[in-house]
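Enquirer: Here's the letter readout for the chains.
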Amino acid sequence: MAGTNGFSRRSFITNSFFTAAGLVIASCGSKTSRVSPAAGNLNGSGVDQSSALSGYQESPLLAEKVALGQLPPIGERLPKIPFIRQVHSVGRYGGTIYDDAESQGGRFFLDGAIISAPQETDNEGIIIRPHICEKVEHSNDFSSFTFYIREGLKWSDGVELTADDIMWWWEHEQNNKELYPEGPRNTWKTGEKYAVFEKVSKWVFRISFAGPFRPLLNMSAHEYMAFSSFFGQPAHYMKQFHIDFNPMANEVAKSYGYQYWFQLYKEREEYMRPHEGKPHVSPWVRVTSATTHDVYERNPYYAEVDQEGNQLPYVDRIYISVVEDRKLRDARIATGGLSMGKTVLPEISIYQQNLKLADFTIKQWKMGNSSECMFAFNLNHKDPVLNKIYNDIRFRRAMSLAINRKRINESLYFGMAKECQATIDLEVSYFDPDWQTYYADFDLKQANALLDEMGLKWDNKKEFRLMPDGKRLQTVLIYIIQDYPLQLIELVRQDWSKAGMDTILRQSDDQFRQQRCKSGDHDCTCWNADLIEEIAAYLPWVSKWNPNNALFYAMDWWYWYYSEGKEGIEPPQIWKDQFNTMARWYHAKDDGEYQRYGREVWDFFSKQLVCIGTVGYAPMPVVVKNGLKNVPDKIKIGYGTVTAKSFMVQTYYWDQPSQHI
Amino acid sequence: MKIKLATFRLDFLRKRKNSEPDRFNALHSASQWTLIWAKFKDHKLALIGLYILAAFYLCILFAPIITPYDPWEDSKYIYSPPTPIHIFHEGKLHRPFVYNQEINTTPETFERIFKTDYSTPYPVRFFVKGAEYHWLGFIKSNIHLFGVDPKTSINLMGTDVLGRDCFSRNIYGLQISLTVGLFGVFITFILGSIIGGIAGYYGGVIDNIVQRVVEFISCIPTIPMWMALGAVIPQDWGNLKVYFAITVILALRSWTGLSRQVRSKLLQLREEEYIVAAKVSGTSGWKIITTHLLPGFLSYLIVSLTLEIPKMILGETTLSFLGLGLRPPTVSLGVLLQDAQNLAAISAYPWLLVSAVLVVIAVLAFNFVGDGIRDAADPYKN
Numbered sequence: 001m002a003g004t005n006g007f008s009r010r011s012f013i014t015n016s017f018f019t020a021a022g023l024v025i026a027s028c029g030s031k032t033s034r035v036s037p038a039a040g041n042l043n044g045s046g047v048d049q050s051s052a053l054s055g056y057q058e059s060p061l062l063a064e065k066v067a068l069g070q071l072p073p074i075g076e077r078l079p080k081i082p083f084i085r086q087v088h089s090v091g092r093y094g095g096t097i098y099d100d101a102e103s104q105g106g107r108f109f110l111d112g113a114i115i116s117a118p119q120e121t122d123n124e125g126i127i128i129r130p131h132i133c134e135k136v137e138h139s140n141d142f143s144s145f146t147f148y149i150r151e152g153l154k155w156s157d158g159v160e161l162t163a164d165d166i167m168w169w170w171e172h173e174q175n176n177k178e179l180y181p182e183g184p185r186n187t188w189k190t191g192e193k194y195a196v197f198e199k200v201s202k203w204v205f206r207i208s209f210a211g212p213f214r215p216l217l218n219m220s221a222h223e224y225m226a227f228s229s230f231f232g233q234p235a236h237y238m239k240q241f242h243i244d245f246n247p248m249a250n251e252v253a254k255s256y257g258y259q260y261w262f263q264l265y266k267e268r269e270e271y272m273r274p275h276e277g278k279p280h281v282s283p284w285v286r287v288t289s290a291t292t293h294d295v296y297e298r299n300p301y302y303a304e305v306d307q308e309g310n311q312l313p314y315v316d317r318i319y320i321s322v323v324e325d326r327k328l329r330d331a332r333i334a335t336g337g338l339s340m341g342k343t344v345l346p347e348i349s350i351y352q353q354n355l356k357l358a359d360f361t362i363k364q365w366k367m368g369n370s371s372e373c374m375f376a377f378n379l380n381h382k383d384p385v386l387n388k389i390y391n392d393i394r395f396r397r398a399m400s401l402a403i404n405r406k407r408i409n410e411s412l413y414f415g416m417a418k419e420c421q422a423t424i425d426l427e428v429s430y431f432d433p434d435w436q437t438y439y440a441d442f443d444l445k446q447a448n449a450l451l452d453e454m455g456l457k458w459d460n461k462k463e464f465r466l467m468p469d470g471k472r473l474q475t476v477l478i479y480i481i482q483d484y485p486l487q488l489i490e491l492v493r494q495d496w497s498k499a500g501m502d503t504i505l506r507q508s509d510d511q512f513r514q515q516r517c518k519s520g521d522h523d524c525t526c527w528n529a530d531l532i533e534e535i536a537a538y539l540p541w542v543s544k545w546n547p548n549n550a551l552f553y554a555m556d557w558w559y560w561y562y563s564e565g566k567e568g569i570e571p572p573q574i575w576k577d578q579f580n581t582m583a584r585w586y587h588a589k590d591d592g593e594y595q596r597y598g599r600e601v602w603d604f605f606s607k608q609l610v611c612i613g614t615v616g617y618a619p620m621p622v623v624v625k626n627g628l629k630n631v632p633d634k635i636k637i638g639y640g641t642v643t644a645k646s647f648m649v650q651t652y653y654w655d656q657p658s659q660h661i
Numbered sequence: 001m002k003i004k005l006a007t008f009r010l011d012f013l014r015k016r017k018n019s020e021p022d023r024f025n026a027l028h029s030a031s032q033w034t035l036i037w038a039k040f041k042d043h044k045l046a047l048i049g050l051y052i053l054a055a056f057y058l059c060i061l062f063a064p065i066i067t068p069y070d071p072w073e074d075s076k077y078i079y080s081p082p083t084p085i086h087i088f089h090e091g092k093l094h095r096p097f098v099y100n101q102e103i104n105t106t107p108e109t110f111e112r113i114f115k116t117d118y119s120t121p122y123p124v125r126f127f128v129k130g131a132e133y134h135w136l137g138f139i140k141s142n143i144h145l146f147g148v149d150p151k152t153s154i155n156l157m158g159t160d161v162l163g164r165d166c167f168s169r170n171i172y173g174l175q176i177s178l179t180v181g182l183f184g185v186f187i188t189f190i191l192g193s194i195i196g197g198i199a200g201y202y203g204g205v206i207d208n209i210v211q212r213v214v215e216f217i218s219c220i221p222t223i224p225m226w227m228a229l230g231a232v233i234p235q236d237w238g239n240l241k242v243y244f245a246i247t248v249i250l251a252l253r254s255w256t257g258l259s260r261q262v263r264s265k266l267l268q269l270r271e272e273e274y275i276v277a278a279k280v281s282g283t284s285g286w287k288i289i290t291t292h293l294l295p296g297f298l299s300y301l302i303v304s305l306t307l308e309i310p311k312m313i314l315g316e317t318t319l320s321f322l323g324l325g326l327r328p329p330t331v332s333l334g335v336l337l338q339d340a341q342n343l344a345a346i347s348a349y350p351w352l353l354v355s356a357v358l359v360v361i362a363v364l365a366f367n368f369v370g371d372g373i374r375d376a377a378d379p380y381k382n
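Top line first, the protein sequences correspond to chains A and B.
According to the numbering used here, the first sequence holds residues 1 to 661 in order.
According to the numbering used here, the second sequence holds residues 1 to 382 in order.
Because the hints were derived from the structure by calculation, they are not lab data.
A portion of the hints provided could be inaccurate.
Cut-off 30 Å, straight-line C-alpha distance, at most; resulting in silico cross-link-like pairs (DSS-like, lysine-lysine) [unchecked claim]:
id, chain 1, residue 1, chain 2, residue 2
1, A, K356, B, K115
2, A, K327, B, K241
3, B, K115, A, K461
4, A, K363, B, K76
5, A, K327, B, K76
6, A, K498, B, K241
7, B, K151, A, K462
8, B, K115, A, K462
9, A, K461, B, K129
10, A, K388, B, K241
11, B, K76, A, K445
12, A, K406, B, K151
Chain A stretches covered by chain B per the calculated footprint, using a threshold of three residues with CB under 8 Å from any CB of chain B [as the list claims (entries may be wrong)]:
id, stretch
13, 337-350
14, 381-387
15, 410-422
16, 491-500
Just so you know, even glycine gets a beta-carbon here, dropped at the ideal spot from N, CA and C.
Chain A with its partners taken away, still in its complex shape (with noise of 0.2 Å):
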């Protein structure tokens, strides 16, 4: 899908949150016996917990409305039945969590906390359980779905969130001819039909597909994929800008600075940090936007309590600033200015030597990433001889070879990570440790026999290589500042000049880096590979070995196969197939297809080495500030238990809630 390349991969989840022991399952994966997601049952006993609790507390802040007759009592703004969360520490109420943001509603460390989906997964990303809605059910073969939202769940205004919300989404929204011209994206298809959404009742809704569609569980559980799919749209509020329900909304749009009602809508769209007035089923929402701060509030009508029936969250504030200058917020962060934090590595003898004055701890977190940074090259590149050189698998194994990894580890990541290929996680079901190690040791001679072989000669300094139009190998490398640190990039430079290929570094703004790219006018570029658990490895089109998507390393070819064979170049017959066995991937009907082909179309992407790993799986520690609880010691960050429910933001607290406000 378009679109998800800004979006940075992070997640967070505990282990001891959760008692996902005897919990009623469903699963996209099948590494052992899956059950469907079928009763509502939330803790496992088949006991009906909430019954069990004799009502629920909520914090003073919204006592105090209620008293003033500002907000019902909090027994009615919960749904029937809320979701009950088994937090580490039964936690207090109060206080504000700080953190910081490069732009005004930009990404800040914990804006995971800010979303809830449907679904949520386990922490090793393959269990896939009910979070807002009560329950999902599929038909057996995985072509219709049906979703029974918690009865009486509201949005963060106090409006009941029901089936007919859904419903607004695809008939108005996604069947709008102003707003979507070429219709529902193309995952919504299963060959030339497109899903069927049904409301049953208020509560229930119901998408069937022509054919098995099983991914459609893994976007309910991922929070970037329900909200841009079929999630969180409140109708009620989404009416005022749309011109079949507000014969004023062009005027409307007018008044916010856009000619007409559908660029406004779009903005309003937004899930991922909604306008502030938007309602939302998250923890918090955003009450005040400003181009120096962002305030986020908690929502009086979040549907989640904790295992003695307080509400949740605990905190009541989350306050970003919003502070441009990455090395300012890493200042600030290493000197206790906010609450959490992530680190520098190569600089982290600074914060330990902050631990007593910044009064923060420093937690050993595993950062999610299955390569700090990969490469690739443009695979449909304009110039006839470069599109041949870099075509030839030959070529890649030799740059794979020619990275001195252990290098790379040892100077930036003290000999922490793993040095291996991009890959899926190893986890999945159907991983296959070769794809690890595929071409991934340093092999100097071997890369240059391999270039040898490929006729690319040196010039007569035995310098650097030349193409066989006479003209040195030279390649530019297009990069943008991101999480891993600048030299990395210097020293694969620096391999691969050893190598003979002459490298140009190119340091540019992302939107700049994505035009060119898109446009296939670069040579190579590079990003970080996330760490795919089995539901996000699921998740259709999203992920970063797509041709078009992050590294950009085939446009044309996805162009062609996206409007079948109308635009871009025709792909060679491999490509084909690999886009092929992808789209029957999506539409796999059992559990042996679905392994088959999922063995399938990584086994693929990981034997064309398109992605060029670097080193993986590295240290990330974080700062937390003494006083905030439940924050979980250790924590494994991925793709699919990416943000929101992961970061379990709502159980934190401060043990002295006064001073933090």
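Fit chain B to the known structure of chain A by using the hints.
Expert: Using the frame of chain A, we list chain B on its own:
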């Protein structure tokens, strides 16, 4: 005054032929440049500045020989502080030497702990073999001015995040910062004074045309122009080449301001009697501009020139966001300073800030020299 100068010239030439050392006459008959130099020498700060610059440019010229390491080569000595040079080993006097450092990483806290091994002294040797380089681009060698046994390492200014030698990097940084960037300044200077000079001297139609051209060039907006350049400059140009091109292009735009100043000054000067005299005696226009008019306000030009130089050094990296400024792997003072712009550099690795000191020294030296030249440029003042 300027007529006098011409006489002095003649005198001086005659004197040179006769080669009679007569101090008094020599002073009166000395050329302008001789007088400038004599005056300049009186300005102590300027002289110091000049020596510093001379030293810097010598370092630049012999950079690969002076530096003990390749500035891009990483080592295991990551963030190593400057290596102390000892002369006493076990209480006895010893030729200058260094001790080896052992590095251990603690797995819990990821801290690198440097432990000095006091058992073996590694003497600092001269003209040692090390990394290969091409001096001036064609002389291949591997001899370095100084160095130590490859088992250990000598880092006079410590090392950076990849264990690269900061001393070597700073010397190479000077090489870029004090040459490439300044080239643009000189283009501005030359174009500005010559075109401004022509416009001011001839006036009339020529002046009119030049002024319209100047107006046109100065209305080109800078940011869109840079953006366009960012897109137009060939992708496969290296960092340095792009930067060089940009400085030249910027210079081709920024001479306009200077040319206007020169023009207005010349409009005023050309009415002076000595110019009229020169014209009457049949001196060519070009000669009048370059020998009579421009030197007349050289001091002003020098000030504007010296103010331009620090701007250039500090501005090296500002265009990086468009992919036009200097970026690693190019080593320049600006790039090195970017690496040093973080909290860690100040609190834990202060040796990274040496680049800042070098910038300050270079800029001050240029300013002092400029100041000295400005005072000396008008030797007849007193």
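Enquirer: Run every hint past the structure and note whether it holds.
Expert: To see whether the hints hold, each was checked on the structure:
1. With a C-alpha separation of about 25 Å, the suggested pair K356 (chain A) and K115 (chain B) falls inside the 30 Å cut-off, and the hint holds.
2. A distance of roughly 28 Å separates the Cα atoms of K327 (chain A) and K241 (chain B); the hinted pair therefore holds under the 30 Å criterion.
3. Restraint check for K115 (chain B) and K461 (chain A): the C-alpha separation of about 42 Å exceeds 30 Å, so the hint is violated.
4. The straight-line distance between the Cα atoms of K363 (chain A) and K76 (chain B) is roughly 26 Å, inside the 30 Å bound, and the hint therefore holds.
5. Straight-line distance between C-alpha atoms of K327 (chain A) and K76 (chain B) comes to about 25 Å, which keeps the hinted pair within the 30 Å bound.
6. Straight-line distance between C-alpha atoms of K498 (chain A) and K241 (chain B) comes to about 22 Å, which keeps the hinted pair within the 30 Å bound.
7. In summary, the hint linking K151 (chain B) to K462 (chain A) is supported, as the alpha carbons are separated by about 28 Å, within the 30 Å threshold.
8. The hinted pair formed by K115 (chain B) and K462 (chain A) fails the criterion: a straight-line CA distance of about 40 Å is larger than 30 Å.
9. The straight-line distance between the Cα atoms of K461 (chain A) and K129 (chain B) is roughly 21 Å, inside the 30 Å bound, and the hint therefore holds.
10. Note on K388 (chain A) and K241 (chain B): the hinted pairing holds, with a Cα-Cα distance of about 27 Å set against a maximum of 30 Å.
11. A C-alpha spacing of about 23 Å is found between K76 (chain B) and K445 (chain A), which places the hinted pair at or below 30 Å, so the restraint holds.
12. A distance of roughly 20 Å separates the Cα atoms of K406 (chain A) and K151 (chain B); the hinted pair therefore holds under the 30 Å criterion.
13. For the stretch 337-350 of chain A, the stated coverage by chain B holds: 7 residues have a C-beta nearer than 8 Å to a C-beta of that chain, and at least 3 were required.
14. Counting residues of the stretch 381-387 of chain A whose beta carbon lies closer than 8 Å to any beta carbon of chain B gives 0, which falls below the threshold of three, so the coverage claim is violated.
15. Taking a C-beta to C-beta cut-off of 8 Å, the stretch 410-422 of chain A contributes 6 residues in contact with chain B, enough for the three needed, and the coverage statement holds.
16. Only residues whose beta carbon comes within less than 8 Å of a beta carbon in chain B count, and the stretch 491-500 of chain A has 3; three or more means the coverage holds.
The structure shown violates the earlier hints numbered 3, 8 and 14.
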